[in-house]
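Number of protein chains: 4
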Amino acid sequence: MRKAIIGVMGGSHVPPAIEQQAEQLGRAIAAQGWILLNGGRNCGVMAASARGARAEGGTTIGILPGQNTDDAAPDVDIAIVTGMGDARNLVNVLSSTVVVAMPGGTGTASEVALALKNGKRVILLGFPDSPLFSAHRQAGQLTVANTVDEVIAQATATIEALRHEGV
Amino acid sequence: MRKAIIGVMGGSHVPPAIEQQAEQLGRAIAAQGWILLNGGRNCGVMAASARGARAEGGTTIGILPGQNTDDAAPDVDIAIVTGMGDARNLVNVLSSTVVVAMPGGTGTASEVALALKNGKRVILLGFPDSPLFSAHRQAGQLTVANTVDEVIAQATATIEALRHEGV
Amino acid sequence: MRKAIIGVMGGSHVPPAIEQQAEQLGRAIAAQGWILLNGGRNCGVMAASARGARAEGGTTIGILPGQNTDDAAPDVDIAIVTGMGDARNLVNVLSSTVVVAMPGGTGTASEVALALKNGKRVILLGFPDSPLFSAHRQAGQLTVANTVDEVIAQATATIEALRHEGV
Amino acid sequence: MRKAIIGVMGGSHVPPAIEQQAEQLGRAIAAQGWILLNGGRNCGVMAASARGARAEGGTTIGILPGQNTDDAAPDVDIAIVTGMGDARNLVNVLSSTVVVAMPGGTGTASEVALALKNGKRVILLGFPDSPLFSAHRQAGQLTVANTVDEVIAQATATIEALRHEGV
Numbered sequence: 001m002r003k004a005i006i007g008v009m010g011g012s013h014v015p016p017a018i019e020q021q022a023e024q025l026g027r028a029i030a031a032q033g034w035i036l037l038n039g040g041r042n043c044g045v046m047a048a049s050a051r052g053a054r055a056e057g058g059t060t061i062g063i064l065p066g067q068n069t070d071d072a073a074p075d076v077d078i079a080i081v082t083g084m085g086d087a088r089n090l091v092n093v094l095s096s097t098v099v100v101a102m103p104g105g106t107g108t109a110s111e112v113a114l115a116l117k118n119g120k121r122v123i124l125l126g127f128p129d130s131p132l133f134s135a136h137r138q139a140g141q142l143t144v145a146n147t148v149d150e151v152i153a154q155a156t157a158t159i160e161a162l163r164h165e166g167v
Numbered sequence: 168m169r170k171a172i173i174g175v176m177g178g179s180h181v182p183p184a185i186e187q188q189a190e191q192l193g194r195a196i197a198a199q200g201w202i203l204l205n206g207g208r209n210c211g212v213m214a215a216s217a218r219g220a221r222a223e224g225g226t227t228i229g230i231l232p233g234q235n236t237d238d239a240a241p242d243v244d245i246a247i248v249t250g251m252g253d254a255r256n257l258v259n260v261l262s263s264t265v266v267v268a269m270p271g272g273t274g275t276a277s278e279v280a281l282a283l284k285n286g287k288r289v290i291l292l293g294f295p296d297s298p299l300f301s302a303h304r305q306a307g308q309l310t311v312a313n314t315v316d317e318v319i320a321q322a323t324a325t326i327e328a329l330r331h332e333g334v
Numbered sequence: 335m336r337k338a339i340i341g342v343m344g345g346s347h348v349p350p351a352i353e354q355q356a357e358q359l360g361r362a363i364a365a366q367g368w369i370l371l372n373g374g375r376n377c378g379v380m381a382a383s384a385r386g387a388r389a390e391g392g393t394t395i396g397i398l399p400g401q402n403t404d405d406a407a408p409d410v411d412i413a414i415v416t417g418m419g420d421a422r423n424l425v426n427v428l429s430s431t432v433v434v435a436m437p438g439g440t441g442t443a444s445e446v447a448l449a450l451k452n453g454k455r456v457i458l459l460g461f462p463d464s465p466l467f468s469a470h471r472q473a474g475q476l477t478v479a480n481t482v483d484e485v486i487a488q489a490t491a492t493i494e495a496l497r498h499e500g501v
Numbered sequence: 502m503r504k505a506i507i508g509v510m511g512g513s514h515v516p517p518a519i520e521q522q523a524e525q526l527g528r529a530i531a532a533q534g535w536i537l538l539n540g541g542r543n544c545g546v547m548a549a550s551a552r553g554a555r556a557e558g559g560t561t562i563g564i565l566p567g568q569n570t571d572d573a574a575p576d577v578d579i580a581i582v583t584g585m586g587d588a589r590n591l592v593n594v595l596s597s598t599v600v601v602a603m604p605g606g607t608g609t610a611s612e613v614a615l616a617l618k619n620g621k622r623v624i625l626l627g628f629p630d631s632p633l634f635s636a637h638r639q640a641g642q643l644t645v646a647n648t649v650d651e652v653i654a655q656a657t658a659t660i661e662a663l664r665h666e667g668v
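Residue numbers (the numbering used here), protein chains in the order written: chain D, 1 to 167; chain B, 168 to 334; chain S, 335 to 501; chain L, 502 to 668.
By construction, these hints were calculated from the structure, which means they are not laboratory data. Since we're looking at a predicted model, the values are computed, not measured. There may be inaccurate statements among the hints.
Now the in silico label distances, taken between C-beta atoms and shown as ranges [said to hold, decoys possible]:
#1 D/Q20 - B/P298: 23 to 31 angstroms
#2 L/A662 - D/P131: 49 to 57 angstroms
#3 B/A306 - D/A157: 46 to 54 angstroms
#4 B/D316 - L/G620: 30 to 38 angstroms
Ideal placement from N, C-alpha and C gives every residue a C-beta, glycine not left out.
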């Protein structure tokens, strides 16, 4: 059975407190034995979450938008080079067992939307909830977490349920 | 100079009144001499807007997610087959001079987000505004229109400004 | 019924005689009432075939690899902006009723291969035949043409057969 | 410094002897401490090379064309889900440090062509050489190997040269 992959989405320019939380989230994901996946670039939530996961001995995957690994974060172990720009946002979410959205802009918003459209479980950790997603929230596909611990608890429940279904 | 391309985004399942408005919008776009572009499938806002544009003698482009034209709306003149699923949403917005968002779900939300991220002018016609987009709204990149006439007026102003900049 | 779309693939740097033939091919495609599709950039077979088709009053579609229309050939009427680099080669062939391959390099080779893989009819006009494609040649999916007239004759036969099948 | 990624391309339906060689190649890649990457599906060269790499304790990445992991080979550790069909062939080669081509059809041919176009080092192990690639062969970008040992020797030389260049 493959390890669960947790996709962490979020902005390329975020305040230091958010970077710290992203690093903490990366650590917590690795501590669960899960793989961290993100957009792979060397900035913001991407660089910080990879740093945390790797510090804890986890595996980190970066799905890069460019033609090569020049802008990959140093803590990305496995750099997937798409050459497809923002079209790689779809790959980010389809490859994730669970998607976590931290503060970010329209890129992160597109990932939340694509994740929901494709049936993925989404956890908002600082990314603003929106009436756009209310049907998915009511269905339990999208939830809000206030702390890293809550993310881990919610993701654990989802992963266990999927295992039970044999996914 | 190429004709302006107006991308009309919106749901695949919408109420009859929305379909009627989509058809009216398609007619108005064609009446301006603009090209209509949408996601090309034979349902909802896509089929209706193409029907309107073609009834007015306009050109209609459908950017299809599938491997062939089997699910193309009959009023799509030019079917672009991407074989890339939702990754084609990026093509929809990058190919458009102006993007109009009618009522829809997460697919439409992803298109609004990707359009804003890539610097496109976005006009909301029934698609709900959201705090997610507030920075873009304040910058004038995103506006709200209440009628098809308002869409045409706003799009005209944008197209003229871009022409003036030589784009 | 939609007009047939003829995809013309070929190099971005080719000798003048090939550019002239590409222009002649573009003219012949337009004269048949077919739409010309190519990779859209302002060089080589792309620019020349678009120039020919437009001179004859035809419609020309360019599927661009970049993020905008800056490098589009001036004779491209409809610029589809993919932002996906070489991944757009798949869009080129999936969108074409028939694919014609003129002299080119590895980009053109990838398009011939992807076209054959996806069941498209391919006509080689100057692009070298290869044992790689022999099974497809034996099956009649790939043929060689020595002149523009032969391309038109072969494409006509294919388009009529597809119409007969109701495609 | 990231581990080298060796992309192994080849057919989904190949003779048993080729599957055995693919498995042997996978083992040899893992024994070098390199990561194996392929198209991820549960057939042919993909399944066999993953099986070999995993048996040797290596990491295996599968870049899947579909919308989910349903058709992933069991020995793929990390399944990247693209939802982009054959457009994922570009991701396969851009993500690889070195591309190895085993016997295959037009899918493999498209990967060889895209790899060469994007400056990747390509080693043919059973995939037929072609005059289409002669310029790249003369430049040393494409070489032919007759055995798995030769592949490893050639890949080692390339990886060392790239490390020396700081790539």
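Here's how the hints hold up against the structure:
1. D/Q20 - B/P298: 23 to 31 angstroms: Holds, at about 24 angstroms.
2. L/A662 - D/P131: 49 to 57 angstroms: The hint (49 to 57 angstroms, Cβ to Cβ) holds, given that L/A662 and D/P131 are roughly 55 angstroms apart.
3. B/A306 - D/A157: 46 to 54 angstroms: violated (40 angstroms)
4. B/D316 - L/G620: 30 to 38 angstroms: violated (52 angstroms)
Hint check: violations occur at hints 3, 4; the rest are consistent with the structure.
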